[in-house]
Amino acid sequence: GAGVSQSPSNKVTEKGKDVELRCDPISGHTALYWYRQSLGQGLEFLIYFQGNSAPDKSGLPSDRFSAERTGGSVSTLTIQRTQQEDSAVYLCASSWTANYGYTFGSGTRLTVV
Amino acid sequence: SQKIEQNSEALNIQEGKTATLTCNYTNYSPAYLQWYRQDPGRGPVFLLLIRENEKEKRKERLKVTFDTTLKQSLFHITASQPADSATYLCALDDSSASKIIFGSGTRLSIRP
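Protein chains in written order, with the numbering used here: chain A, 1 to 113; chain B, 1001 to 1112.
Don't read these hints as lab results, they were simulated from the structure. Fair warning: this is a prediction, and the values are worked out from it, not measured in the lab. There's no promise every hint is true.
As the list claims (entries may be wrong) - In silico lysine to any residue, SDA-like type, Cα no more than 25 Å apart, as pairs:
hint: 1; chain 1: B; residue 1: LYS1003; chain 2: A; residue 2: ARG22
hint: 2; chain 1: A; residue 1: LYS17; chain 2: A; residue 2: SER53
hint: 3; chain 1: B; residue 1: LYS1057; chain 2: A; residue 2: TRP96
hint: 4; chain 1: A; residue 1: LYS57; chain 2: B; residue 2: LYS1057
hint: 5; chain 1: A; residue 1: LYS11; chain 2: A; residue 2: THR97
hint: 6; chain 1: A; residue 1: LYS57; chain 2: B; residue 2: SER1104
hint: 7; chain 1: B; residue 1: LYS1063; chain 2: A; residue 2: GLU14
Let the sequences and hints guide you as you build the complete structure.
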């Protein structure tokens, strides 16, 4: 596609429920990243996928968070047993190669009530 | 770990003037540094990348400098316009060179 697509754009969920956030990167981009941004804060790195290599999960805040990237394209970020502190905007980005000129999606705003 | 510092206070500039934003970093020597623009409710948009062996890079009304001795980058917008109002994020590659780390951003407002 022309850009990075994320869905849903907004998600309200009850505490304790599981949620799945989807990211469709730009076709041909080998690198895919997930970040989250809390209100008024900077971007916090979560996870990075590069081609067929093992993902860099060093930013995942707890074992309730997981992500996968199928076929080197679409990625899903899953948060299990959501907590109120998980409320944030979750941003996905892709790039041709690691670290150069990320293209971001518009994000998924997650609200845990 | 790396630490990136950007002016936390908003910067208010008169239209037509040059806006200068500062990014300082510690604990690491990145291979390159990037600047992004973020509008409310949107993801960041990539603007410029400067490498450690480059002192300056320009793109239209934008200019970025990179001083690896001072561990500082300056981002300039010349002939600023109200449409330039946004939050500007500085980012640098982390020590693993597999991802970039972002500063918290500086909000810029250009008044007519």
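### Query
Any of the earlier hints contradicted here, and which numbers?
1, 2, 4, 5, 7
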